[in-house]
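On the provided structure of chain A, position chain B with the ligands as indicated by the hints.
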Amino acid sequence: MIFLEFDFLRYALIIGLMIGVVAPVAGVFVVVRKTPMIADAMSHTALTGIAFHLWLASYLVWLSEWNPLYTGILFTFIVSFLIEYLRRRFQAFQELSIPVVMASAIGLGVVFISLADGFNNDLFNYLFGSILTVNAADAVVIGIISAVSLLLFLLFYKELLFLAFDEEQAAVNGIPVQRVNLLFAGITAVIVASSISILGVLLVSALITLPAAAALRVASTFKSMFLYAVVFGETAVLAGFFASYYYDLSSGGTIAVVSFLIWTIIVLAEKVAGQRRQRPWKEAKWTDKANQ
Amino acid sequence: MEDSTKTLLEVNHLSFRYESELVLDDINMNINQGDFVGLVGPNGSGKSTLVRVLLGLHKHYQGEVRWFGTPVRQFHQWPKIGYVSQKANRFNAGFPVTVYEVVAMGLYGKKGLLRFLNRKDKQRIHEALEQVDMLGYKKKNMGRLSGGQQQRVFIARALVSDPEVLILDEPTVGVDAASAQAFYERLSHWNREKGITLILVTHDVGAMTKYVTKVACLNQQLHFHGTTREFEESDLAGAYGHDVHIIHHEHDHHAGGA
Ligand SMILES: Nc1ncnc2c1ncn2[C@@H]1O[C@H](COP(=O)(O)OP(=O)(O)OP(=O)(O)O)[C@@H](O)[C@H]1O
Ligand SMILES: [Mg+2]
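Chains as they are written, first to last, in my numbering: chain A, 11 to 302; chain B, 9 to 266.
Here chain B stands alone, though its shape is the one from the complex:
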């Protein structure tokens, strides 16, 4: 392969506030092609907000966010980025759509206006459903699936456009431990075999560190951003393992005190 450390995402001095409350404070980070990033932090630390800024859903930020070198405000190749939101399965359960119809939506942006899905697209929808083991459910009504199954369908929708980056905001909430484990295995497999870049927001620090290649710890500021090894050697790992409250002395581990 060519340059395998291509930078996909650059974030420089990013700050963001809702009305008056500062939620993101001077965030700097880079994500390279092939990274599997675990984004952790306590409730309300700004993880979902950061993701939404990256996706161009909040436009009034300060600083710089670039996807594939293009500032997010000018970026148009959104089909390159797959996203499953934290609120994905809070949709209107009475909406009469099938699993197939939901996954098809993932191709709509890529197709563009005034174009319809063709045979190849339909094939692609089947493949995406297969990737999450939900092909057998394709004609089922979305509202009649369990929460975990709906989550998979949304992941299939994010995968169907063959994105280079997949951003998942707490995808394993409400998923039993064994399934979560299998899910991480699957993500890791996509990451290694297909080279898909992953950003995974999660509270499941213990399980996550087995699979991710990089960790980012957020609490308004970015307290740690580095490889999983470095994370485990830092005392943040311990702090996160017991209790998701962020620790304030990230520089301490250089002193070797821990």
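Isolated chain A, as found in the complex:
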């Protein structure tokens, strides 16, 4: 393929493919834990970090050497721990911790934006992202983040599954609930922030939630849910990449739309297939071998 002779396109494709794995994998846990808003909360917090960076960079020149996204990652990281803390502190209203943190973070972000005299072009790019603006350094950083995240997901697979399914029972079985929750929040924060370069702040949650939501409908085992989510996610990423290169369309927008189409096709296919599998209401009987 001719276009791969251009370095920037190669990096774009590599980064896209890596994000296409880790974002949907994180998404599987996000979706089964029933906290779909967390991706949005974190990506908006990253924008706050970016705005903070741009404002600060107008005073500290050396800061402009840095990619503002790294400050964004730092912010999401902090906020993910804050959300976990609030979830724990106000257990009866756990679900409020995300909107509370998200609204505050956006508010703070807007203040930074006005301090950094308004909404400039830079910021606009982060809002919508573009797969074609990435460079070699981004590819390395995102490569490391992806590899470490996947490794951690693999190593803590059991604990993450148990916590998502039944947090109380996990605690009774001696799983270190709090530490595993923090770990998950941290990994998700970093994945969200790294996805911003190709998806943009507004659309990160599309690649996290939609492929997993579609996978939820077709997977019968938990393990297979990852496979489906990644296949759907990569399909969307490739579509975004080509749409962006050949037709100059927004990569984030295309990824979101294609993810939505996949989800729609699956839901419709389920409808068409009609007769959903019958529930096996027949009760198993306790056999009598205990009574001999």
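There may be inaccurate statements among the hints.
[Unchecked claim] List time: in silico DSSO-like cross-link candidates among lysine-lysine, alpha-carbon distance up to 27 Å:
| id | chain 1 | residue 1 | chain 2 | residue 2 |
| --- | --- | --- | --- | --- |
| 1 | B | LYS95 | A | LYS233 |
| 2 | B | LYS88 | B | LYS146 |
| 3 | B | LYS202 | A | LYS233 |
Simulated from the structure, these hints should not be mistaken for lab results.
Same frame as chain A, but now just chain B with the ligands:
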């Protein structure tokens, strides 16, 4: 066997309140190895709360709770204790897990961090499913089972780590009478043959007394704690048989008035 009356659980002067409401008031009880304890009491009497305190899920209690001699706050050998909560089958039915995957979770705590299940563990999962007659369902999606079948899977999950104690909070709710009967038989069998210690929370007083060896009647305070014989001879048994409202004159049966 060695000392067959080893005390597994000691509860001394245990009190617990949610916010301001006193739910458990000065509870004292001991549970020995091999006991099959029926824990009864009306709705809201604190049975589930007591169980949750025993499991270390509520930490701000007063008094003393010891498992195997260790205070519950310092206790770490949780795989020795299997638990099926009253809310077990109120899980998210859309969660794409198989019966096998759910039972496997029961081994996760015992395995510890950074360790994966091996062949022996897989064998153990099969055995646990067999013990509840659900092996044929192992690849089925959890959300597609009936309530009673889900309950069995959760029991298998509690059994899979080979616990010494099994705590079941109203496991027979929504189970038909014949199945409940067979279920009690099975529990009794595990208790006698495997020496597993059982704590069974139930409202099914009549059926339960046929199988348990000890009864504990709770209504904020522990009104009775003793053998099934003593329970049947007390007038609490009658009261529970007709109506789960606790009676206030537990000392009366000493007077022989009943
Ligand atoms: N999370 C909670 N917060 C505040 N109060 C609670 C909570 N859970 C239970 N309670 C109160 O504690 C008391 C005991 O509840 P518990 O669930 O232990 O009763 P129970 O004996 O298990 O009842 P049931 O037979 O209905 O299961 C009740 O009055 C209840 O209102
Ligand atoms: Mg209860």
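These are the hints, each one checked on the structure:
| no. | hint | result |
| --- | --- | --- |
| 1 | LYS95/B <-> LYS233/A | holds, 25 Å |
| 2 | LYS88/B <-> LYS146/B | holds, 24 Å |
| 3 | LYS202/B <-> LYS233/A | violated, 34 Å |
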